[in-house]
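Participant: First to last, the protein sequences are chains A and B. Using the working numbering, the first residue of the first sequence is number 4, and each one after it goes up by one. Using the working numbering, the first residue of the second sequence is number 118, and each one after it goes up by one.
If you're looking for bench data, these hints aren't it; they were derived computationally from the structure. As the structure is a computational prediction, the values presented were derived from the model and not from experiment. Among the hints, erroneous ones may be present.
Under the rule of at most 27 Å between Cα atoms (straight-line distance), these lysine-lysine pairs were calculated in the DSS-like manner [said to hold, decoys possible]: (1) B:236 / A:58; (2) B:236 / B:282; (3) B:187 / B:236; (4) B:236 / B:266; (5) B:266 / B:277; (6) B:266 / A:7; (7) A:58 / B:282; (8) B:189 / B:236; (9) B:158 / B:252; (10) B:277 / B:236; (11) B:187 / A:58; (12) B:266 / B:189; (13) B:158 / B:187; (14) B:190 / B:158; (15) B:282 / A:7; (16) B:252 / B:277; (17) B:158 / B:189; (18) B:252 / B:120; (19) B:252 / B:236; (20) B:252 / B:266; (21) B:266 / A:58; (22) B:158 / A:58; (23) B:120 / B:158; (24) A:58 / B:252; (25) B:190 / B:236; (26) B:158 / B:236; (27) B:266 / B:282; (28) A:7 / B:277; (29) A:58 / B:277.
In case you want the letters, here they are:
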Amino acid sequence: MDYKYIEQLLERYWEGETTLQEESILRTFFSQPDTPEIPENIQRYRAIFVCEQQKEEPLGEDFDARILEQIGEAPVAKTIMLKDRLMPLFKAAAIVAIILTLGNAAQAPWDIWEDPREAYVKAQEQLADTVNVLTTIQAENVSDTIQAPAKEKSTYLE
Amino acid sequence: MKKVSFRNDILPLKNELYRLALRITLNPAEAEDVVQETMIKVWNRRDRWEELESIEAFCLTICRNISLDKMKKAENQNSSLEEGHDSADYSYSSNPEEQAMQRDRIAVVRQLIDNLPEKQRSCMQLREFEGKSYKEIAQILGVTEEQVKINIFRARQQIKQQFIKTENYGL
Numbered sequence: 004m005d006y007k008y009i010e011q012l013l014e015r016y017w018e019g020e021t022t023l024q025e026e027s028i029l030r031t032f033f034s035q036p037d038t039p040e041i042p043e044n045i046q047r048y049r050a051i052f053v054c055e056q057q058k059e060e061p062l063g064e065d066f067d068a069r070i071l072e073q074i075g076e077a078p079v080a081k082t083i084m085l086k087d088r089l090m091p092l093f094k095a096a097a098i099v100a101i102i103l104t105l106g107n108a109a110q111a112p113w114d115i116w117e118d119p120r121e122a123y124v125k126a127q128e129q130l131a132d133t134v135n136v137l138t139t140i141q142a143e144n145v146s147d148t149i150q151a152p153a154k155e156k157s158t159y160l161e
Numbered sequence: 118m119k120k121v122s123f124r125n126d127i128l129p130l131k132n133e134l135y136r137l138a139l140r141i142t143l144n145p146a147e148a149e150d151v152v153q154e155t156m157i158k159v160w161n162r163r164d165r166w167e168e169l170e171s172i173e174a175f176c177l178t179i180c181r182n183i184s185l186d187k188m189k190k191a192e193n194q195n196s197s198l199e200e201g202h203d204s205a206d207y208s209y210s211s212n213p214e215e216q217a218m219q220r221d222r223i224a225v226v227r228q229l230i231d232n233l234p235e236k237q238r239s240c241m242q243l244r245e246f247e248g249k250s251y252k253e254i255a256q257i258l259g260v261t262e263e264q265v266k267i268n269i270f271r272a273r274q275q276i277k278q279q280f281i282k283t284e285n286y287g288l
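Using the sequences and the accompanying hints, generate a full structural model.
Facilitator: What follows is the structure, given as structure tokens:
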């Protein structure tokens, strides 16, 4: 095999004129197993290129965990917890609203047969009540979603 | 500029940052501290991520600056051992027993690199180990491309000469 090319590359390497690609050719060349036919003037530099190929990877998963903890994964977790904690309340409010609506609705039919006009007015009132109750629930929900921007932080972590 | 994610884009740089920090501080525990500080600093500037040309270069620059700070602090604490020896001769060639133990040539090369001045060391690390272009290195170190080339040229020459010297000495 002709080692002229490698010799040339080496020469240019010492002068700092090789491209990244040529340097990787050199490194690949020297990472091959040692053979006696490689001339001594090339062979002697093997250690330099082999050394450059060894990369340590000392930081593992535990390091990641430590960093993520330090940069405040915690506050993100807290906002999620807050929402989770309030969830049963929303559910309870929804159930109460449903019961009230159904209760009103159940009472309404008994009056209807007496006087249709009165019944109509009552029904209108009840409808207005229900709308009121719904708006307050919606208002609660809106005030909840205002907290949403706090979650933005978590999107950086995705 | 695409969206940068800490978990997917920055955290995986940890070992690259560690290698650079280790190359500068020459102390594994210190290097790990540096990487940790770098990560937190980068995180605290997350509002600027989108403006950056290269988040990797940004991280490496911060990592180097923190490493240099640590070195300065360490130097203040104890009298510098660095000043006297000029990387020319190191213990492995002075003591025959040690010499025998340190026959491992790769260890010799590593030692030679570690004995270079900091700038050359950083340039070598980024070029030879991480495969960065001159332009990227210049950006990371905040110097001109020309200076990077000069540093790498000097570093390679130094390593070559010292390596041959030790080889001949050993024979």
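Participant: Decide, hint by hint, whether the structure agrees.
Facilitator: Now the hints, each set against the structure:
Restraint check for residue 236 of chain B and residue 58 of chain A: satisfied, since their Cα atoms lie roughly 20 Å apart, inside the 27 Å limit. In summary, the hint linking residue 236 of chain B to residue 282 of chain B is supported, as the alpha carbons are separated by about 23 Å, within the 27 Å threshold. For the hint pairing residue 187 of chain B with residue 236 of chain B, the CA-to-CA distance comes to about 15 Å; that is within 27 Å, so the pair holds. Straight-line distance between C-alpha atoms of residue 236 of chain B and residue 266 of chain B comes to about 11 Å, which keeps the hinted pair within the 27 Å bound.
Simply put, residue 266 of chain B and residue 277 of chain B have alpha-carbon atoms about 16 Å apart, close enough for the 27 Å limit, and the pair holds. Taken as a hint, the residue 266 of chain B and residue 7 of chain A pair is honoured in the structure, with Cα atoms around 25 Å apart against an allowance of 27 Å. Taken as a hint, the residue 58 of chain A and residue 282 of chain B pair is honoured in the structure, with Cα atoms around 26 Å apart against an allowance of 27 Å. For a cut-off of 27 Å, the pair hint linking residue 189 of chain B to residue 236 of chain B stands: about 14 Å separates their Cα positions.
Of the pairs offered as hints, the one joining residue 158 of chain B and residue 252 of chain B holds, with about 24 Å between alpha carbons and a cut-off of 27 Å not exceeded. Between residue 277 of chain B and residue 236 of chain B the CA atoms are separated by roughly 18 Å; this keeps the pair inside 27 Å, and the hint holds. Between the alpha carbons of residue 187 of chain B and residue 58 of chain A the distance comes to roughly 23 Å, so the proposed pair stays at or under 27 Å and holds. Of the pairs offered as hints, the one joining residue 266 of chain B and residue 189 of chain B holds, with about 26 Å between alpha carbons and a cut-off of 27 Å not exceeded.
For the suggested pair residue 158 of chain B and residue 187 of chain B, the alpha carbons sit about 15 Å apart, so the restraint of at most 27 Å is met. Simply put, residue 190 of chain B and residue 158 of chain B have alpha-carbon atoms about 19 Å apart, close enough for the 27 Å limit, and the pair holds. For the given pair, residue 282 of chain B sits about 24 Å from residue 7 of chain A by alpha-carbon distance, which is consistent with the 27 Å threshold. Of the pairs offered as hints, the one joining residue 252 of chain B and residue 277 of chain B holds, with about 24 Å between alpha carbons and a cut-off of 27 Å not exceeded.
Restraint check: the Cα-Cα separation between residue 158 of chain B and residue 189 of chain B comes to about 19 Å, which is no more than 27 Å; the hinted pair holds. Proposed proximity of residue 252 of chain B and residue 120 of chain B is supported: the alpha carbons are some 24 Å apart, at most 27 Å. Only pairs whose Cα atoms come within 27 Å are accepted, and residue 252 of chain B paired with residue 236 of chain B is accepted, the gap being roughly 15 Å. Using a Cα cut-off of 27 Å, the hinted pair residue 252 of chain B and residue 266 of chain B holds, with the two alpha carbons roughly 10 Å apart.
Restraint check for residue 266 of chain B and residue 58 of chain A: the C-alpha separation of about 23 Å stays at or below 27 Å, so the hint holds. For a cut-off of 27 Å, the pair hint linking residue 158 of chain B to residue 58 of chain A stands: about 25 Å separates their Cα positions. As the CA atoms of residue 120 of chain B and residue 158 of chain B are separated by approximately 19 Å, the hinted pair is consistent with the 27 Å bound. For the hint linking residue 58 of chain A to residue 252 of chain B, the alpha-carbon distance of about 22 Å falls within 27 Å, and the restraint holds.
Our distance criterion of 27 Å between C-alpha atoms is met by residue 190 of chain B and residue 236 of chain B, whose separation comes to about 18 Å. Between residue 158 of chain B and residue 236 of chain B the CA atoms are separated by roughly 23 Å; this keeps the pair inside 27 Å, and the hint holds. Taking the CA atoms of residue 266 of chain B and residue 282 of chain B, the gap is near 24 Å; set against the 27 Å cutoff, the hint holds. Pair hint residue 7 of chain A plus residue 277 of chain B holds up; C-alpha atoms about 19 Å apart against a cutoff of 27 Å.
Distance check on the hinted pair: residue 58 of chain A and residue 277 of chain B sit about 21 Å apart at the alpha-carbon level, within 27 Å; holds.
Checked against the numbered hints listed earlier, the structure breaks none of them; every hint is satisfied.
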